[in-house]
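Novice: Sequence:
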Amino acid sequence: MARNVILSKVLLWPLSKLFGLGVAFRNYLFERKLLLKQTEFDIPVIVVGNIAVGGTGKTPHVEYVTSLLRENHHLAVLSRGYRRKTKGFVLASGRSKPDDIGDEPFQIFQKFGSDVRVAVCEKRVEGINKLREIDKDIDIVVLDDAFQHRYVKPKVAIVLTEYSRPAFTDSLMPYGRLREPASAISRADIVVVTKCPVNMKPMEYRIFKESLNLFPYQKLFFSRYVYGHLVPVFPERATSIPYPEWFTEKDSVLIVTGIANPRPFVRHIRRYKAKVRLIRFHDHVNFTAADIDAIRRKFAGLTGSHRYIITTEKDAVKLSHSPYFPPELQNKTFYLPVSVEFVPPVGDEPGFDDALKKSINNTNLY
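All letters in the sequence shown, in the order written, are residues 0 to 365 by numbering that gives the first Met the number 0.
Hints are computed from structural coordinates only; laboratory data are not their basis. Please read these numbers as outputs of a predicted model, since none were measured by experiment. Mixed in with the good hints, there may be bad ones.
[To be verified] Cut-off 27 Å, straight-line C-alpha distance, at most; resulting in silico cross-link-like pairs (DSSO-like, lysine-lysine):
#	residue 1	residue 2
1	K129	K86
2	K122	K36
3	K96	K135
4	K135	K154
5	K36	K16
6	K96	K129
7	K84	K96
8	K154	K122
9	K32	K129
[Said to hold, decoys possible] If you anchor each label on the Cβ, the simulated ranges turn out as follows:
#	residue 1	residue 2	range
10	I240	N198	26 to 34 Å
11	K84	F40	24 to 32 Å
12	G112	Q37	26 to 34 Å
13	P322	N128	32 to 40 Å
14	S113	G87	16 to 24 Å
We put the CB at the ideal spot given by N, CA and C, even for glycine.
Please build the complete structure, drawing on both the sequences and the hints.
Specialist: Here you go:
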């Protein structure tokens, strides 16, 4: 086994080098405005992205930015709509389904409703233009996962890197998980270290600050997840809502995840006393009949006084629209919502909220 792992790494390393050359050449064309050019809009465009593949918490941070700005701005959120079954520009509406716009945009639309325009489009320039044709009052656009989509020049670029696997310890694909070299973070205005533990030590903050080696104009923040109360995936079938704090050793939970990095989610649920089993699917899974049957069989193997299925908010979007999900399990299936909170800054330094608002308004932070 160890020999196979070493051989795999030896083979992947040169491919990572080739991948890096391709990324560098593409960025060079954008920087020199040769063949590939950026479009700048007359309203602020905020990019929330990362340089790693999945798992940094983009959607909760997009939701945080949207919540922060929507009271004083007429916002739109534009995403590519990964793994949707449609093409081109699609505006979210009350008739939209996850297959139409993707699970994450659907989740955002469900959360904000008519307060925020939500749309998907592979070509972000085209998407922004169409949004503004539809609604001329839009004064800020938030681009979800578009740091590498350089055809749009953002007013503010927010880049996320995960606490447990920061960019400076990772490698380029396919050897590692990076879409770009860690040095690409230099294009960001704001860098956020996500999924930080509550008990982070001062030394850890210093290590991140020194290792990221940001420019003076870049701002560094740290965020962590905050989990809410369980919510029924099928509210019309729910007879009661359990509180994990009340779980005992006689209760059982089946965790169902289809996200890039379920470890923090699973770790949180394991804090409670119930027996826990996990069934894990790939990121952005479209649950098939076979997948649902696997969930049903895994659940049937649980023992205990009370048995529940707990899933993520993103997976709940897909499960709630699945035609295969067994009716007898619907009143036992819940999702655990997650939101973001930022670690308070030290001294007189501005917090994330002030830094973002001032960056949008071209205001000096100091």
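Novice: Take the hints in turn and mark each one as holding or not.
Specialist: Status of each hint after checking the structure:
1. Straight-line distance between C-alpha atoms of K129 and K86 comes to about 14 Å, which keeps the hinted pair within the 27 Å bound.
2. Between K122 and K36, the direct Cα distance comes to roughly 13 Å. Compliance with the 27 Å bound is thereby established for this hinted pair.
3. Annotation: proposed proximity of K96 to K135 holds, straight-line Cα distance about 25 Å (limit 27 Å).
4. Under the criterion of a C-alpha separation no larger than 27 Å, the hint pairing K135 with K154 is consistent with the structure, at around 19 Å.
5. Between K36 and K16 the CA atoms are separated by roughly 25 Å; this keeps the pair inside 27 Å, and the hint holds.
6. For the hint linking K96 to K129, the alpha-carbon distance of about 20 Å falls within 27 Å, and the restraint holds.
7. At most 27 Å may separate the alpha-carbon atoms for a hinted pair to count; K84 and K96 meet this at roughly 10 Å.
8. With a C-alpha separation of about 18 Å, the suggested pair K154 and K122 falls inside the 27 Å cut-off, and the hint holds.
9. Restraint check for K32 and K129: satisfied, since their Cα atoms lie roughly 25 Å apart, inside the 27 Å limit.
10. Checked against the hint of 26 to 34 Å, the pair I240 and N198 passes, with Cβ atoms roughly 29 Å apart.
11. Taken as a hint, the range 24 to 32 Å holds for the pair K84 and F40, whose Cβ atoms sit roughly 29 Å apart.
12. At about 32 Å, the CB distance of G112 to Q37 agrees with the hint of 26 to 34 Å.
13. At roughly 36 Å, the beta-carbon separation of P322 and N128 lies within the given 32 to 40 Å, and the hint holds.
14. The beta-carbon spacing between S113 and G87, approximately 23 Å, falls within the hinted interval of 16 to 24 Å.
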